[in-house]
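Chains as they are written, first to last, in our numbering: chain A, 926 to 1222; chain B, 39 to 424.
It should be emphasised that the hints constitute simulated quantities derived from the structure, not laboratory data. There may be inaccurate statements among the hints.
[Unchecked claim] Restricting the straight-line Cα-Cα distance to at most 25 Å, the calculated cross-link-like pairs of lysine-lysine (PhoX-like) are: (1) Lys1174(A) / Lys1117(A); (2) Lys260(B) / Lys369(B); (3) Lys233(B) / Lys985(A); (4) Lys233(B) / Lys933(A); (5) Lys928(A) / Lys1115(A); (6) Lys233(B) / Lys260(B).
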Amino acid sequence: MTKSVFQKDLLTPGHMGCPGCGASLAMRYVLEALGENTVVVMPAGCWPTFVGLYPSTTLKVPVMSVPFATTAATASGVRASLDRQGRRDTVLGWAGDGGTFDIGLQALSGAAEKGVDMIYVCYDNEAYMNTGIQRSSATPRGCWTTTTPAGALKREPKKNIMEIMAAHRITYAASTSLGYPYDVMNKVRKAKDLSGMRFIHLLAPCPTGWRHETQLTLEVARKAVESRVFPLYEIFGGLEWKINPMPVKIPIDEYLDLQGRFKGLSLEGRVDFQEWVDREWAGIQDKCAHSQAALSV
Amino acid sequence: MKKVIMGTEAAALAAVLARVQVVAAYPITPQTVTVEELSNYVATGELEAEFLSVESEHSAMAACVGASATGCRTFTATSSHGLALMHEMLHHAAGGRLPIVMLNANRALSPPWNLYCDHTDSLSQRDTGWIQLYCSDVQDVLDSILIAYKVAEQAMLPIMINLDGFYLTHTSEIVDIPSQMEVDRYLPAYQPAEKVDPDAPSTYGAVCGADLYASLKCRRQKDMLAVEEAWLEAANDFANAFGRLHPTVEAYMSEDAEVVIVTIGTAGGAALLAAQSLRREGVAAGSLRLGLIRPFPKRSFTEAVKGAKHIVVLDRDISFGAEGIVAQEIKACLYGRSFAQVHGFVAGIGGNDITPEKLIEMVRQALSGTGDSVFLGESTWVEVIV
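Isolated chain A, as found in the complex (with noise of 0.2 Å):
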């Protein structure tokens, strides 16, 4: 016999979403971490659709289901309206790489300059998942998407997303992985302990995008940590830096192989591909070691 570790279980069976899918269960996770008292407010994509069709919703929440470029702003509106009603209900902004990275970058960077008191939740699935597979800029350089096809598979690196988070100097900024359920709903905890903004960028694989089997979506989202292409780590008011305890790193191949989305990756594009690990990861620990030195200076 099994233990569910979701006590609240806010994400009721018969969702929308496809077998498999990474961001119906970071939905789980979050919510298992915040609790009742949170109202949700996502831009379109995958996520309404998952809420269902009306007079049925899938959460036990309250949901705000808003235009594409507003998660930020409408997010800042709720808790401006909580605040004058004398609530403290958590504000949980909740959109994709795609409402993240792209469209919703600008009312994003004025909530997170503003220090706007929320939870904000990108779910990276690298990639415009709920149009057809399209790129974002979370997709990684090399990545086989429906616009960057065989013959001109992505050539930027991705977007360094907590980087232009930690520049607004938010009150706490943290990566982590749907392979590591504790790890997420630890972050999240801790994160609704503090206030101001605070932004999680949780890789969420999508089986249908990334060409993976859909019962591995948590293993792929593991093998992602343990090669090091997505490093679980913690910034605090922006600048100081902590790396979380890391496993035993595996070659990247381990990851990429799982993956349809990879095939067409050259034997160079591997290698350029374990290069942009690296230079990710040195730039990480940088800053870790100089935040751990300024702060025992």
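Model the placement of chain B on the given structure of chain A, informed by the hints.
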């Protein structure tokens, strides 16, 4: 209490008197003073509200949507490009049945860049589902915002209060400012029947199928059409409380008029003077200022112009490839109901003043068929080189 203030100041004062709870706005000329004033009122505690300095107008309306949907009385102000940037959110606020009130300072859209009066900014948003009102003077701005909250919260539809850029935003006039106690009696606190609430979870903006989608749109149209009467009722209540009437259409000597000059916004004053002059010359002229333009006040308008043979319409806007937007509205309203000839004039855009003399000239050209203005398609353009 009487004070000499500008239109932008009157708007901020009206928001204070309405006890708005959340303001989210982005400054733009010529609306800026409203935003500055409101942030100051919040800073000094004269207005107990949350003031959100957002990073764009699109976000301003998004924040208003969030605040209004969760149950607060909400205000914003914009102009021109700012309103255009909000376009998506205007549809959203109306579809969400949110009683947001917004001030819009009518200003030209670029290119070429021009900061002066032009109604195309708001008139090109007329299909977004917002109630639209155009003000005649500074007092009208203040009063209309108070009436607007009453109507918006009853109809559960957003209202755009328009004032002519510079003519009203930057003109100081004597304004009678009602006391807070009087306003509280007229406009009680906002009590939404439904809101986004963690104590009673629901979905705002759910996905729905074709049957429900069509029915919801139909219901919105029904509620929108009822706004003409709702406005008249709220305006009557206001007149009883404050002694000032702000009807949906303001007609002057139109009962026996053969030619009626129709305007929106500040040009109503010049139209009234033009009608007086024409009467002295023996022309049976009248004037009519449309306050409400969405919903179009069909009943009041048709009644007011029923004897007219010629309707001269001033448009400070143009729908390219068609004609002036107000003229289109009037033709649509009168089709099958009147044999009056509608003469559309496009004038007073980009900073050209509308004077009684110019309006008289338009009437002469309409009646005689000759004059200096340029006839193009369905409209006659004034003061242009082609």
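Going through the hints against the structure:
no.	hint	verdict
1	Lys1174(A) / Lys1117(A)	violated, 31 Å
2	Lys260(B) / Lys369(B)	holds, 22 Å
3	Lys233(B) / Lys985(A)	holds, 16 Å
4	Lys233(B) / Lys933(A)	holds, 24 Å
5	Lys928(A) / Lys1115(A)	holds, 24 Å
6	Lys233(B) / Lys260(B)	holds, 22 Å
Against the hints set out earlier in the document, a violation occurs for number 1 only.
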